Amino acid sequence: MNFEIINPSSTEELLGTIKSLQKEKFRFGAGCTDLLMELKKNPEENLTVINLSQVKDASFTGIKKTTNQFRLGALFTAHKIVINEELKINFPVLHQSALTLASTQIRQVATVGGNLCTASPSGDIACALVALEAQCEILGTTGKTRTVPVTDFFMGPRKTVLKSNEVLYSISVPVNNKLSKNILSGFIKVGTRRSMECSVVSIAYHIQTDEHGNIINAGVAIGASAPTIRFAKEACEFLIGKKLKHISHKEKEKFAEKVLSYAAPITDIRATAWYRKEVLFNISKSIFE
Amino acid sequence: MKEQLKNNKTKMEVLHEISFTLNEKKVSCKIKASTVLLDLIRDFFELKGTKPGCNEGECGACTVLVNGAPVNSCLFLAVNANGKNITTIEGLTNSDGSLHPVQESLVQHGAVQCGFCTSGMAMSIKALMNQYENSQHVPGEIRSEFPTRDEIKKYLEGNLCRCTGYVKIVDAAEKLFAKED
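If you read the protein sequences in the order shown, they are chains C and B. Just so we're aligned: the first sequence equals residues 1 to 289 in my numbering. Just so we're aligned: the second sequence equals residues 290 to 470 in my numbering.
Excised from the complex, chain B in its bound form:
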């Protein structure tokens, strides 16, 4: 992509400079207007944990957190990342390299098969945790202290998995909230 950016420049295309926080590090770069966040993360910052699945917002494999909320990075314009706080699966892992409780729970429940949906799934589960931790987010969709199984399923509706049949993924998420009690 760095090559591509250079080529574009020679065509007199306007590049947009953006600065944002990526996994707790301040970064900045110059991008084309039409660059989507998914391509920026994978090709420019070379963080390959975020997966390109359908590229049309259906599958959720590319889910990342923008200011703590889950979005499909394939449909999110990179220019709109400017000034925001972006977290990818690489940022979920603890600084000492150990797994985040979400990842730990997915492993323990055998909720990973081919693994392609896993990073998106983990980010969505993390977003659901954020929603519970931040009481301002709570009303409406979610009412009780921790989500019911149905609420977890509803929250993960935008993440497709073609291997597990979802049962173990929802188990993993459910256990995560039960533990916090």
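Chain C extracted, bound-state conformation:
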């Protein structure tokens, strides 16, 4: 493993660095827990790493709450998500996904932006963010930003919509203040162990009801079941208008079938495609039990 490194300490320096490296091979490193593993196994020649972990700007590292959203800087760590009480109350799915990510040590340095940009089909935080229909704010070298829904952020395994002159700036999660108390929200991760495990299959769900218990908003995303994390739109729409506490066995099965229609899993070292589908069907049903 051998590379050069540049350590910008501000957004301005960072953009200058990205600009200056447009004709060279470069990678971003934040927590570096994925990047170093990759470079140890497959060293690249003449590579420059742009080290994001010394960027100090709060817009990159902090969290900001406004009336209708939480904005997490791309460098916000998994540990910071875990210990944030407001996130835990408003988005249990996000809290749980961060808490099941790798291990205590990895969570100290691993960032939310890294979890998205590594674009793994089994990304934990990423799966929760898809269920929450978060918005990605992307910063270009010109200093201009553009916003992309996280559901459109992934192009394939390890591929995102980021261009070579762009960097992920923040992730915003919409909050519905009226509804936040009536939620069924969580993250189910199936693997062979409970810690340090890459999901065999995972599901993130965030379902909100009105004061009468009728579902008025639903977000469901599946991980490790397709080339990218997928938002199960039809399954979400199926839930709208139903009473959360009175979903029949048949409706649960119908919901699970709709979730499953978004899955196109592969057989690999962790599980067979058949197993992934069976498990996904069962955990989809189990959300309501």
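Since the hints were derived computationally from the structure, they do not count as laboratory data. These figures come from a predicted structure and were not determined experimentally. If a hint is listed, it holds; no wrong ones were tucked in.
Here are the simulated lysine-lysine pairs, PhoX-like style, with alpha carbons at most 25 Å apart:
#: 1; chain 1: C; residue 1: K56; chain 2: B; residue 2: K315
#: 2; chain 1: C; residue 1: K40; chain 2: B; residue 2: K337
#: 3; chain 1: B; residue 1: K319; chain 2: C; residue 2: K40
#: 4; chain 1: B; residue 1: K457; chain 2: B; residue 2: K442
#: 5; chain 1: B; residue 1: K373; chain 2: C; residue 2: K56
#: 6; chain 1: C; residue 1: K285; chain 2: C; residue 2: K88
#: 7; chain 1: B; residue 1: K319; chain 2: C; residue 2: K56
#: 8; chain 1: C; residue 1: K88; chain 2: B; residue 2: K443
#: 9; chain 1: B; residue 1: K442; chain 2: C; residue 2: K88
We have chain C already, so just place chain B on it with the hints.
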């Protein structure tokens, strides 16, 4: 590694100068960009208590504290140690050479067998103590005044031990918090 650094210099490789606090002592050195903290600690500072296990962030044998929080030093770029406060197992021991309560408890509970995981395990337990001492760290993962057995297990999830079966290690950690009460 000092030799290696010299060789690298002749290849016109850029060396990065970093300064940080290592076990309460201010240190500085010049390193390659790709040097990880584990290699810097073991090969340059010759502190061999931090163990290289899997070298891929799975086993936690190389756990050290960065500003009091546990990290896998095999996946931590040494350049990012700049300006930080790093504690290794050597820094856990009291200045008079006597063992830290974490180490004492591990010994008393027979929580050490081959010993390869022990320094990482001790650092993680110390980090958990830090989290409780520093109330700013407390919410979320941990709520009560001291951790439950399950919370200790969850916290130590990134430290593998292939000898003890963990029971005695968790016993040792649990006793440590009970004592503080």
